[in-house]
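Please model the complete structure; the sequences and the hints are all you need to start from.
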Amino acid sequence: MSSHVTTRPGAYADSVRLLQVSRTVQGVPGVATAQVAMATPLNVEVLEGMGFTLPEGAGPNDMVVAIQLADGAADGALEEALAAVDEALAARTESGPSEEAAPRTTGAALRRASGSDALVLVSVPGPSALAEAMDALDVDHDVMIFSDNVPLDQEVALKRTATERGLLVMGPDCGTAVVGGVGLGFANATSPGPVGIVAASGTGCQQLLCLLDHAGVGVGSALGVGGRDLSAEVRGASTREALRRLDEDASVELIVMVSKPPAAEVAAELREYAAGLGTPVEFALLGRGQPDLTAAAEAVLRRLGRDVPDWPVQGGAIASEGHLLRGLFVGGTLCDESMLIATEELGPIRSNIPLADGLGLGADLDAALATDAHTMVDFGDDALTAGRAHPMIDPTLRLEQLARAAEDPRTGVILIDVVLGHGAESDPAAGLAPVIAAARPPVIACVVGTAADPQDRRRQVAVLVEAGAEVHLSNAAATRRAIELLGGTR
Amino acid sequence: MTAPAPSAVPAAAPVRVRDKLAARADGPLPVVHRGPHALYLDLDGWSLGVLASMATAVPCALRLATPGLGWLASASAAVRDGMLHLDGHPLRIGRIIDTAVPRITAPITDPPPPPADLVSSRLGRGDGLTPYGDDVLCGWLAVHRAAGVATDAVDAEVRANLGRTTMLSGTLLDCAMHGEVIPEFAAYVASLDTPAAAARIALAKVGHSSGRGLLAGARLALHRLGHEGTTAA
Amino acid sequence: MTTAPTNVITVGAAMFGDAVAAQAVGVTSVDWRPPMPGTEADLATVLADPLRRDANARALAAMLGVQASLVDVAPASQLLGLEPGQFLHAGPPITWDRASGPLRGALMGGAALEGLVDDPEDAVALFESGTSVSLDPCHHHGAVGPMAGVVTPSMWMFVLEDPATGRRTHCSLNEGLGKVLRYGAYGPEVLTRLRWMRDVLGPLLQTAVRTTVQSSGPVDVTGILTQMLQMGDEAHNRNRAGTLMMMRDLAPAMVESGADAADVAASLRFVGGNDHFFLNLAMPACKLALDAARDIDGSTMVVAMARNGTDFGIQVSGTGDQWFTGPAQLADGLFLGSYGPDDANPDIGDSAITETAGIGGFAMATAPAIVRLVGGTVPDALATTRRMHEITLGENPRWSVPVLEFQGTPTGIDVSKVCRTAILPQINTGMAGKQAGVGQVGAGLVTPPAEIFPAALAALAERTRARA
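Chains as they are written, first to last, in my numbering: chain B, 1 to 490; chain F, 1 to 233; chain P, 1 to 468.
Keep in mind that a hint or two might mislead.
Claimed, not checked - Pulled a few chain B residues facing chain P out of the computed Cβ check, cut under 7 angstroms:
#1 Gly51
#2 Ala102
#3 Thr105
#4 Gly115
#5 Ala118
#6 Leu121
#7 Val122
#8 Ser123
#9 Met134
#10 Asp138
#11 Val139
#12 Ala157
#13 Thr343
#14 Gln401
Keep in mind the hints are simulated off the structure, nothing from the lab. Backbone N, C-alpha and C define an ideal beta-carbon position, used for all residues, glycine too.
What follows is the structure in structure tokens.
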């Protein structure tokens with residue numbers, strides 16, 4: 001073992017840096033131990049404790065380089081170690097652009113965007129949605145919650161907080177919103193116009209947007225409130241705020257409220273609230289004995305003094321064997337609407353989102369196919385989306401079931417919806433066309449979309465018609481056509 | 001080996017801008033003016049803007065979400081298949097912007113005739129791309145559209161003399177006659193029946209003098225139309 | 001109004017952000033990840049607590065409103081009423097049988113200093129029997145202690161006061177680096193230095209502070225912190241500028257005290273030669289501020305982080321005096337001389353009060369030199385401070401970081417944010433040898449044990465549910 005101590009008068013580096021230099025030099029082959037330090041009394045003590053002898057007069061302003069070579073260290077090891085000292089002392093880290101990392105919470109993002117009118121869109125798993133949404137409410141921003149599977153008590157807590165602060169919570173389970181022309185979640189590209197929508201139903205809202213768009217009527221804002229907003233527990237907290245916002249908007253001439261029928265006491269409260277607004281409110285409440293969405297759109301047009309157009313139909317389906325109606329939907333409200341219409345003509349419909357107790361299929365899709373009854377499945381239901389993307393994004397599951405339904409000899413007609421717009425998959429017709437082309441039973445498709453949608457409704461319709469489907473814009477019309485093709489089979 | 005197609009740039013546009021582009025034959029558009037936040041093109045005599053998010057949102061333009069236009073190298077512009085291309089990048093219109101001036105009610109439906117020199121004393125008077133006198137006229141015209149009061153004689157006089165001002169200012173006058181305005185003007189008109197002054201202050205701050213000109217024109221028009229109780233005005 | 005937002009913040013599925021961007025609207029995407037396992041329900045409960053937002057705003061404001069002044073220096077016996085046989089220590093409560101080497105060493109040295117034993121080694125029996133001695137955390141007596149944090153009755157302490165309320169906190173005088181009591185060393189040189197501090201330095205500082213208070217008012221410790229943070233100190237592992245500024249403020253009164261010139265010179269030399277002298281002022285200043293935020297129902301803000309060499313504990317505003325503890329971790333860093341990781345004791349000391357208050361590791365960006373402790377880079381230092389903003393309630397407008405455009409230091413650790421992001425507070429620390437008597441072996445970076453944050457969150461949730 002041999003020790004080498006040199007001092008470098010006037011050289012300086014801070015102690016932390018010198019600790020690092022020491023560690024680097026300790027890694028040089030042949031070096032047993034090394035210490036590079038300012039000769040402060042403490043360091044002198046440490047160095048002497050390590051067995052080094054320091055030159056006389058070394059003081060706190062001198063840098064000491066102390067190296068102990070291992071026995072049998074190669075010739076030149078000392079030079080190498082000293083070179084390593086120089087190199088380590090001179091080293092400057094190549095500092096790249098210190099770009100700021102993305103925010104990890106909604107709160108952090110809002111803090112960076114402070115002063116802006118940022119809107120928050122939450123689509124994290126349901127159990128974590130409250131945390132992100134509450135971040136928005138904490139700094140007085142509105143929030144849309146796409147996430148489903150959010151516990152009901154958490155929805156109530158969020159909306160209670162929002163109400164106290166005059167904020168709007170769209171959701172949870174809010175699939176669609178248009179805020180000042182900006183589509184959020186699954187939303188169709190529409191033009192500004194005199195109608196404002198409040199929607200407790202995503203696809204119901206989309207159907208209305210598209211029917212009005214076809215009739216040349218724009219929608220400036222469509223505010224979603226989530227499917228449970230009109231329940232007895234939530235009591236329309238978001239609906240009230242959404243109505244208030246649209247009432248304040250001078251460009252809104254008519255407000256349309258789209259929902260399943262609310263809980264009775266909530267309905268009364270809501271009608272009273274709407275009656276106090278300056279802007280008229282048209283209720284489109286989807287339920288037994290109520291007008292369907294297309295009828296509601298027609299009512300809106302008449303109220304605005306516009307003409308009701310013929311709703312477009314392309315292609316032509318031909319009846320075939322089989323006695324069962326199989327509906328496969330990605331839109332829950334479209335599924336509901338079809339069931340309501342079909343029940344009138346065909347009797348009870350079995351479904352995973354049944355209209356009445358005793359008609360449930362559960363989440364077991366095999367049961368849906370095996371049952372000898374008319375069935376309609378909502379592939380966007382919470383139970384079928386847990387751990388999986390929504391069928392408007394990932395069509396795999398419905399395509400599989402569609403192929404199986406088409407093979408079943410009992411199937412008389414297949415009814416599907418195809419929902420276009422922002423957020424939806426880029427080319428749904430491409431996946432559906434081969435399945436439809438191979439299907440024996442006729443396929444009736446309701447394509448909910450506008451010409452301005454990213455997928456371009458005209459192109460989607462053309463592909464589906466080419467594959468043999470009959471395509472409607474109105475889901476109600478599509479459903480009635482399917483029943484007609486079934487030929488009164490009850 | 002082919003170069004990858006330049007990526008699309010998302011844009012938002014008013015309906016009339018979208019429709020003008022959709023109807024335009026393929027071909028280049030000359031650049032009239034280029035700034036850090038805005039680019040103005042000559043769309044057959046109509047000034048088509050391309051605006052970064054920092055720019056004043058004039059109603060004759062496509063709006064982008066990027067804060068600046070520094071990414072444009074040559075700023076060569078052309079229309080292909082109804083879509084504007086800048087440096088080869090297609091500007092895909094993903095959203096329609098509402099530029100309509102909000103409606104107001106005017107107590108006087110048959111107002112006194114406008115001053116005879118309303119147009120002649122103002123059109124093209126002032127400095128810059130949008131002379132102050134034109135801003136006043138824009139404000140005056142847009143408030144009449146808000147009230148649903150036709151101004152055929154004034155419109156005709158403006159149209160007949162557009163050659164006296166810049167292409168951009170002429171285009172903005174065209175927009176005002178269509179009831180198309182900047183967001184600050186829309187917010188101001190929407191706030192007329194409320195006591196809040198924030199929208200008026202925000203409008204006055206627009207541009208060098210544009211906001212003040214718009215405000216002055218709006219007040220002239222509101223006075224003519226007998227719009228009372230306008231604390232915010 | 002229902003106007004188009006100029007910016008949409010998306011958290012969750014990226015495709016929704018893409019769909020918004022395609023409409024020429026600005027999009028900020030949150031880099032969301034699942035929270036710490038098993039915390040979803042408690043997070044929802046705590047975040048939905050109607051008291052929380054205002055409680056946290058009040059806690060943060062209370063903390064930021066405190067200005068700490070140095071008003072006195074006096075022995076612990078007078079200030080805290082400590083009797084012989086009473087020992088204060090760092091961190092959450094602990095007994096001798098669980099105490100780590102450095103804490104034991106410091107207690108043994110402290111017993112010798114107080115004359116309870118002649119030879120520190122004899123103190124082992126004293127503490128094992130436990131009949132004539134007692135251990136208590138500094139934090140339970142309005143005090144903080146670095147490393148082992150042992151305080152005995154004869155030790156002199158700084159007294160910091162909040163002039164607005166008269167509340168006070170205390171901290172012993174810093175001994176310097178190397179073989180010192182707080183790192184668990186108890187050799188003769190350690191005791192000699194402590195006796196000198198007791199007999200010479202303490203009384204001299206008392207005279208100087210009292211004279212200064214009378215002539216020009218109390219020393220503004222919070223103000224010195226403001227300045228030193230712009231001079232490369234982060235006030236935990238680097239206190240160089242702060243030490244010199246404090247000496248600047250006290251030196252005239254020391255010289256004029258009438259004390260023996262040699263004692264004055266020795267004292268000035270001692271203080272000036274000890275880069276960490278100011279740490280023992282920074283710590284009680286931080287505690288004074290954080291104590292103002294204690295006991296606010298519904299607040300999720302951490303008001304103390306402290307380690308006793310065995311356990312790491314935190315206290316939270318909304319859960320009173322309850323400690324949430326887990327095993328103290330080993331620091332990652334550089335070692336003095338030939339010491340290595342095997343020689344180091346787990347994390348120890350009340351000094352993490354600096355990080356709790358938003359400096360130390362949280363202000364890494366202002367002291368880039370510190371990041372080299374773990375072989376990091378300057379961008380790492382910037383990233384660390386920015387990362388701490390993810391888990392804090394606000395910024396300290398007084399304490400700003402020039403290189404981050406004078407952004408305030410990240411302040412007020414939020415238990416719920418730690419659980420949501422799994423980002424743990426970053427602490428800069430010294431490392432004590434794990435054997436009693438060794439002293440300092442290195443310095444580095446450390447984090448608390450992760451599990452104490454879900455534990456604190458669960459307690460907050462329980463209180464929320466009980467209140468509902």
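Here is what the structure says about each hint:
| no. | hint | verdict |
| --- | --- | --- |
| 1 | Gly51 | violated, 9 angstroms |
| 2 | Ala102 | holds, 4 angstroms |
| 3 | Thr105 | holds, 6 angstroms |
| 4 | Gly115 | violated, 11 angstroms |
| 5 | Ala118 | holds, 4 angstroms |
| 6 | Leu121 | holds, 5 angstroms |
| 7 | Val122 | holds, 5 angstroms |
| 8 | Ser123 | holds, 3 angstroms |
| 9 | Met134 | holds, 5 angstroms |
| 10 | Asp138 | holds, 5 angstroms |
| 11 | Val139 | violated, 9 angstroms |
| 12 | Ala157 | holds, 4 angstroms |
| 13 | Thr343 | violated, 34 angstroms |
| 14 | Gln401 | violated, 23 angstroms |
The structure does not agree with the numbered hints 1, 4, 11, 13 and 14 stated previously, though it agrees with the rest.
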